[in-house]
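**Student:** Place chain B on chain A using the hints.
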Amino acid sequence: MTRTETHRAPVIAQATDASPSSDTLRKNWEGPGGWRGWLSTVDHKEIGKRYLLTAFVFLLIGGLEAAVMRAQLATPDGHLLSAEQYAQLFTMHGVTMIFLYALPVLSGFSNYLWPLLLGSRDMAFPRLNAFSYWVFLFAGIFLYASFVMGKAPDDGWFNYVPYASREFNPGPNIDVYALGMVLLGVSTTVGSINFIVTLFRTRAPGMSINRVPILVWGTLTASVGNLFAVPAVSLAFLMLWMDRQLGTHFFDVSAGGQPLLWQHLFWMFGHPWVYAIVLPAMGIVSDGLPTFCRRPLVGYTAVALATVTTMVLGFGVWAHHMFATGLPVMSLSYFSASSMVIVIPSAVAVFAWIATIWTGRPVFTTAFLYFSSFVLLFVIGGVSGFMTASVPVDLELTHTYFVVAHLHYVLIGINVFPVVGGIYYWFPKITGRMMSERLGKWSFWIMFIGFNVGFFPMHILGLAGMPRRVYTYPSGLGWGSWNMVATLGSYLFAIGIAMFLVNVWISLKRGKAAGRNPWGAPSLEWSTSSPPPVYNFAVIPNVASRYPLWEGYMDDDEDTGGSTIHEGLLLDHGRETIGTTMLDAEPAVILKMPGDTYTPLLLALALTLLFVGLLAQAWWAVGAGVLLTLLATITWLWPQRKLSQIER
Amino acid sequence: MTEIAISSTTLPVGSKGRDASGWWGMLALVATEATLFAYLLFSYFYLASHSPPPWPPNGAPSLTLAIPGSLVLIAGSVTMWWGERGIERGRRWQLVAGLLLSLLLGIAFIVLEGIEWAGKPYTLSSSVYSSLYFTITGFHLAHVLVGLLILAVLLLWTGFDYFDENRHSAVSIGVIYWHFVTVVWLAVFFTFYIAPRLG
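Sequences listed follow chains A and B, in order. Residues 0 to 647, numbered by numbering that gives the first Met the number 0, are exactly what the first sequence covers, in order. Residues 0 to 198, numbered by numbering that gives the first Met the number 0, are exactly what the second sequence covers, in order.
Quick caveat, the hints were computed from the structure, so don't treat them as lab data. Computed from a predicted structure; not experimentally measured. Glycine is no exception: its CB is placed at the ideal position from the N, C-alpha and C atoms. A few of these clues could be false.
FRET-style restraints, in silico, Cβ to Cβ [claimed, not checked]:
no.: 1; chain 1: A; residue 1: ALA301; chain 2: B; residue 2: ILE106; range: 50 to 56 Å
no.: 2; chain 1: A; residue 1: PRO530; chain 2: B; residue 2: ARG84; range: 34 to 40 Å
no.: 3; chain 1: A; residue 1: ALA615; chain 2: B; residue 2: GLY89; range: 46 to 52 Å
no.: 4; chain 1: A; residue 1: GLY325; chain 2: B; residue 2: GLY58; range: 28 to 34 Å
Pulled a few chain B residues facing chain A out of the computed Cβ check, cut under 8 Å [stated by the list, open to error]:
no.: 5; residue: GLY13
no.: 6; residue: LEU46
no.: 7; residue: VAL152
no.: 8; residue: ARG166
Chain A extracted, bound-state conformation (with noise of 0.2 Å):
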């Protein structure tokens, strides 16, 4: 038998998506249609676009547990829901908003965009990628098992012990909720190992470290934090189901264990979260305004290093959720500190996005007027989050719904606002039509007016004293009407939403036919069809500047670059795409990449059985589900002479 090739002077050709080679490339990189298809792609832009649809059912189902919240506390002694109830509903919106909505969607933008802004063929793993899609959903799906059955987690996303322990909380409500984390956390923490490695190894030549869009930089900040951060939550849930079916002692105050371990391990996973969960949402908006604002984005080197350094910082502030339990002084003062210096990087970026804003020339579309008002919500939530880091100031508002304004002010104003403004940018690349702007600008208005009417009467009420966390309040004391009015304004905020998908629907039939670059912008996605080919490049981009598509209309002389979109290496020897050095991305290998298989999928429904196992303690099907994971894995990762892994 002939041996596989070990090495290759690859060609560089001059091609388009309507040249003849890059029928070839089809060829090489389209999978079966119809079901099978459907199940085995590993296509990063079908995943890409399945987490960001999924993403946002859960967005919906976070919304409506939320509208049924806010209907009981509207008035004094509302009574639609029972406490149990309340706190299973209020539960799961935090649960559904911050684990299943807030990082899947941005992991939607980032599968969907990366290989696309970095002019690559693929993911470094694109089967990792299928794999960590299904974890998610079915670690989504676990969540919600007992929901149906009226035995949702019920102690707050937070799930301090002892409300969880068994003692307390007896039902399955707790262990759905600790087996789905652990589930969820493999879904993270593959997802993040694929983008960190993407990062450093499938970059278009040329295009070094300083020159990678800001959303890129987000992301490796985010995937790297949630490499450190996620193992702690994970190894918290599973302590707590120990302590809980196993008789373990960890939180256990009574043979020894501490209450307070929970706390620590948790918000030692949570706080560097909270920036997994906005980083990549700040680089939508950084790589978003220069586009609108027809300049380069003012400080992108201050940009990428603040945002490096926010999730550095990050994991030395975890304590300032714990105020109120105790600590000593020492270390109260020292996350104090800690939590103010965050302030720094923060204002870095903003006063980039504000200059960028200021000396460019703005150009008014939807997707604009949802990132320049991020930067007024980042200012609010952040001068609120400013004022907690004070001790004094939080033991003050801690448990009031001050925390809660703020909180929805970073996660909304930080997350949602850019979240809904990327995708009326970069909508038109996804699916070659464009999003209508009048219905656009009316959903912003509408969401933005409906926002803070909703949600800035919360500060008010936080200070006025009421506790959150509390299903329902006695009338007399004052806070009957701000609630109502945060109902109201939370309702429209939520017509703003459905404006939103409304335009998504009727846009995706009859929006206007978009062009590559409807907007003008400079980064690499742009210069490929809408929606891209599968095999996303006829040939691999070479880099030579920040923005290689605005080459040629700026006069700063570093940034004029010489970048070739249309000429580049050709690689149509199947799947391939070029692999680069670390940081000057100079062609380092030609990197075979696997088709579409059910690998992915058969491994993650084996890990789900192991967990629906453990869940039910069906030891059987923890074995078969462990057997199963081994043989998929195993599988999976059989040398294959297709991918050059062995050589006769």
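**Tutor:** Frame of chain A; chain B shown alone:
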């Protein structure tokens, strides 16, 4: 299409040692796994520092089995390093020998650990200390088992003659995990067996 040129530089094709994306993926996996152990050991020290003395409740655990166990595991890493060097030079017999020796040494570690577990007067649910002991050493044991499985699969693939001096990424990648299992044991060993003797 216009074919412009053949690139002047020749590039390697497909997975070759550190050119394999999986090599980077494994490093990232090891980073997150190492963090998991860091959090486990953090939990140990946190609970130890909040427990009334004496800690450990039954005194520091005996070194009689733990020291031979540690040596066996380190030896297993050395033999694997030697085996990997073999295939890098195209000596398949050396890889096979390295894998077999490492497998045997890994199994010896599990036997020693099993004897130690069986000799403990307490169980998982006896106390905070026992919960920590069995959970953390159990976590490590699970990693040894996975490592052994990797070695066994690599042995099988070597038997199929998949590897030579050009193509052996799977070996290089699997070996990282095996070394990690050894290194992380040293941290566990220090925490449970040495730290209590320092007070």
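**Student:** Please go over all the hints and tell whether each is borne out by the structure.
**Tutor:** Tested hints:
The beta-carbon spacing between ALA301 of chain A and ILE106 of chain B, approximately 55 Å, falls within the hinted interval of 50 to 56 Å. One distance hint, 34 to 40 Å for the beta-carbon pair PRO530 of chain A and ARG84 of chain B, is violated here, with the actual separation near 49 Å. The hint said 46 to 52 Å for the Cβ distance between ALA615 of chain A and GLY89 of chain B, and at roughly 51 Å that hint holds. At about 31 Å, the beta-carbon gap between GLY325 of chain A and GLY58 of chain B stays in the expected band of 28 to 34 Å.
For the restraint placing GLY13 of chain B at the interface with chain A, the shortest Cβ-Cβ distance is roughly 2 Å, inside the 8 Å limit, so the hint holds. A cut of 8 Å between beta carbons decides the hint on LEU46 of chain B: the least distance to chain A is about 6 Å, and the hint holds. With 8 Å as the threshold, the beta carbon of VAL152 of chain B comes within range of chain A, its nearest partner Cβ sitting at about 6 Å, so the hint holds. Look at ARG166 of chain B: its Cβ gets to within about 4 Å of chain A, closer than 8 Å, so that hint holds up.
Hint 2 from the list above is the single one not met by this structure.
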